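Engineer: Got chain A sorted already, so can you dock chain B onto it with the hints?
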Amino acid sequence: MDAKDILGLPKTPLSITQEKKSRPQKDSQRKPDGISREVYALTGGVAPLMPSIDVSQLKRRPPSDEKITWQWLPFTSSARKDNLQLYHWVRVVNGVPPTGDYSFAKYNKSVDVIRYTDEEYEKHLTDPKWTKEETDQLFDLCERFDLRFIIIADRFPTPRTVEELKDRYYSVSRTILVARAPSPGEVAGHPLVKEPYNVTQEIERKRALSMVLSQTKHQERKDAEVLAEAKRIAESRMAARAAEEPDLPIASDIGPESAERAVGPGDTISPSNVQVPAPAAAPSTSVIADNSSTLASLRMLRVYLRTYALEQMVQAASSSAGLRTIKRVEQTLQDLEVNLKPKVPTKAVCAEHLELRKEILTLLNLQKQLQYKEAEGSSFRDGSYGDMPGSAKRSQRAADQDRTFVLDTISFGGDRGVKREQKRKGPGRASETSSSPAGAHKRPRKMKASDL
Amino acid sequence: MFFFCMIIVQKKMKDVEISVPIVYGNAAFWLGKKASEYQSHKWTVYVRGATNEDLSVVVKRAVFQLHSSFNNPTRIVESAPFELTESGWGEFEIAITLFFHNYVCEKPLNLYHHLKLYPEDESGPMSTKKPVVVESYDEVVFTEPSESFLARVQNHPAVTFPRLPAGFTLPPPVPQDESKRKRGDTKDHPLSQWFLNFSEADELLQLAAARQQVQTHIAKLRRQISLTDGQNQPFKSL
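Those protein sequence lines, which keep their order, are chains A and B.
Taking my numbering, the leading residue of the first sequence gets 5, the next gets one more, and so forth.
Taking my numbering, the leading residue of the second sequence gets 423, the next gets one more, and so forth.
Keep in mind that the hints were calculated from the coordinates and are not lab data.
Incorrect hints may have been included.
Stated by the list, open to error - Not everything, but these chain A residues come out facing chain B in the computed CB check (under 8 Å):
1. S301
2. R303
3. V307
4. Y308
5. R310
6. V353
7. Q371
8. L374
Because the structure is a prediction, the values reported are computed rather than measured.
All residues carry an ideal CB built from backbone N, CA and C; glycine is no exception.
In isolation and in its complexed conformation, chain B is listed as follows:
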């Protein structure tokens, strides 16, 4: 498979990828006494950086497509934090489309989140203080990043920067005027106390343990197979 080797040899920018870890989901508060039949919950759907960093370095705008029963169901959010707050009674699928800056990627990316208002445990009391929070972790992967992209995001905390091939140098980053722009990170977001923590360590541990078990089992089976082969051999030579 010569072509496979060729790809590895001619790395250039082809195997370089930039990934942006994100968390998207919703937090929903029951309105309690103030709840009406059609407005029983106040909910916020959002896309945030996994470590609560500002995503606007890559995301230009986010479009939330709501259920058709909402007025103007297509909601466009032009700046971070990319979130939308509404009130309603129903759970439905929200399509979130992320549009990126030109230097990042010309194609948008779709995320799908099922809005959750009611807690899993139906029998428990509904609280107006504690929201129902459902979040999903994912990573947006950009393949073949342009040099300008790389230059813009190097050293940005929201972005997982790749290891560049040897001898590759980037132009110095364009200085951003931090003071003028509104804070786009979600570190002090009002909902931040409810945000879930996603740590890969636990999952890695679990996977490593599982692989260990499987590998041990495989070795055992291999031994058994060669044993059985030995037992069957005298019959086969007949």
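Bound conformation, chain A alone:
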């Protein structure tokens, strides 16, 4: 079967070759001016709907009523103080060279360094730690290098720290300003007078900065943790203090102290401040903080329902867990045949329920930890990370561990599993749906539809 038959095309090869021959000629004829042939071909050999460049504008010359020449001419710049004669190309219009200063001269900014006279020095500026010669040298360098103190410190003949140089310069300038001013009020607004240079503060600030810069990742993490801790404690203390009488003065001192110390070197923050009750890791102290802030807010309510309180405590305990983890906790509770919301929420029952949830969270964390460590181990042994068979094994084991309790309960006693099935229908179901308010009722209806 010839393709041309199917398509219904004429089978005459002669006419096709004729077409081919004529086409290249046509193409070259059709090429427009102004754009190269290759560029034109980019558009598919077809003109664009809207011309992006107006072809007729492309090679237009500027109106040539002026006569432009370029000349190599000397010039002067107000920025130069010497008599160096420089030359450059200049665009001359109708024989008239351009006027005006060198166009880049305006960028030659410099600092107004105040220079003192010798008498002024004798009168105001003597200092035990500085000789006049040194001070003069300092000011020379300041003027020369536009107050770039790093360079000045580098060039300074005697060894001086940047802070010392800055201190000397700023205090001298300040004194001169004040001395020269007709009245103190006039210079009060001057930045040098208004904000004096504080050497000790500067030294401390730079030291702190360098500490922060040179912190290891580990220290960074520790600092972040402690800061978060401090914040949580401060917040929960706010809540607690609102409910409590104002007779907890001691506690309030701890907050700002630990926050301040956190800025300094990492180790001296005294984590003991934060972890007094138990030497537990940071996560558990944050849980305690959440718990106590929940308790405090409950206390503020004056009256509440036990189920509401339990909800809040459960939320606080799972605040660090993601949605998936929370779902897994609920799945585990179901596997253990424990009601997600207790049927008889007495104080004791709620406490036990909360503890159980926390223990399940611990369990899930440990499972994850174990998975991680086993993955590490297998990657060590296999000699490569992300091994395909290894990871497949891992995910399967993860899936198994997700439902550990199902397997366990089934293996513990077959009849328990059977009883569970039988419990599904009948009065058991009714009581399950009865005690949860509004929202849950949609579910049994849906199940009924599927049962039918």
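Structural biologist: Relative to the frame of chain A, chain B by itself:
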């Protein structure tokens, strides 16, 4: 966490709480032959003491907010037993607001109950004799109770009285004239035969068993983790 310790040290009345166990819900009777299209069921929504004791020692009044299709949907019940009987055909959420006596608490408390008329098992026959009953157990917790509150409710069976801090004495209770007041408890209530029993013992047992399982599992995992750590150690030291 010094502030945490401070709270424990300065207990006073701050950690004292009074809790009142309650049960709230509804019982609905199908009207059978007497049922009409819009009045197919006769139902009662109520709040009772969990052990059927009189709640009026703490509750001043209960307000039941019904569906807007009812006449005067806001029904106020000024005395125990705090219940409301109506007839209708639809299931909807009822908001119950409990107002307490001044010496108890100035803030009201809201409960929400979904009215249930039709039995779970749709296929079963509807009986005019046996009602559909749905109840929820909860406890109303009062924090920082005033002395007068404590004095009023000490020895009252409806209230779970807390253990008072050492050395704390209460004024003697104000004698109540029992004879004049209408009986507010629900022990002999006409619906009492249908009331559900709520016992914490079963739930506690279940929770204890579950915790045991979880703890065992945790111990097992901890062992496995330290084992794996040991296996990985030689690799890490490289």
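Engineer: Hint by hint, say whether it matches the structure.
Structural biologist: Quick rundown of the hints versus the structure:
1. The beta carbon of A:S301 comes no nearer than 11 Å to any beta carbon in chain B, farther than 8 Å, and the hint placing it at the interface is violated.
2. Among the interface hints, the one on A:R303 holds; its C-beta lies about 5 Å from the nearest C-beta in chain B, closer than the 8 Å criterion.
3. With its C-beta approaching chain B no nearer than about 5 Å, A:V307 sits inside the 8 Å limit, and its interface hint holds.
4. Residue-level restraint check for A:Y308 holds (minimum Cβ-Cβ distance to chain B is 6 Å; threshold 8 Å).
5. Here the hint on A:R310 is kept, as its CB sits about 4 Å from the closest CB of chain B, short of 8 Å.
6. Because the closest C-beta pair between A:V353 and chain B is about 5 Å apart, less than 8 Å, the hint holds.
7. Residue-level restraint check for A:Q371 holds (minimum Cβ-Cβ distance to chain B is 6 Å; threshold 8 Å).
8. The criterion of a C-beta within 8 Å of any C-beta in chain B is met by A:L374, whose closest approach is roughly 5 Å, and the hint holds.
Of the hints listed earlier, the one the structure fails to meet is number 1.
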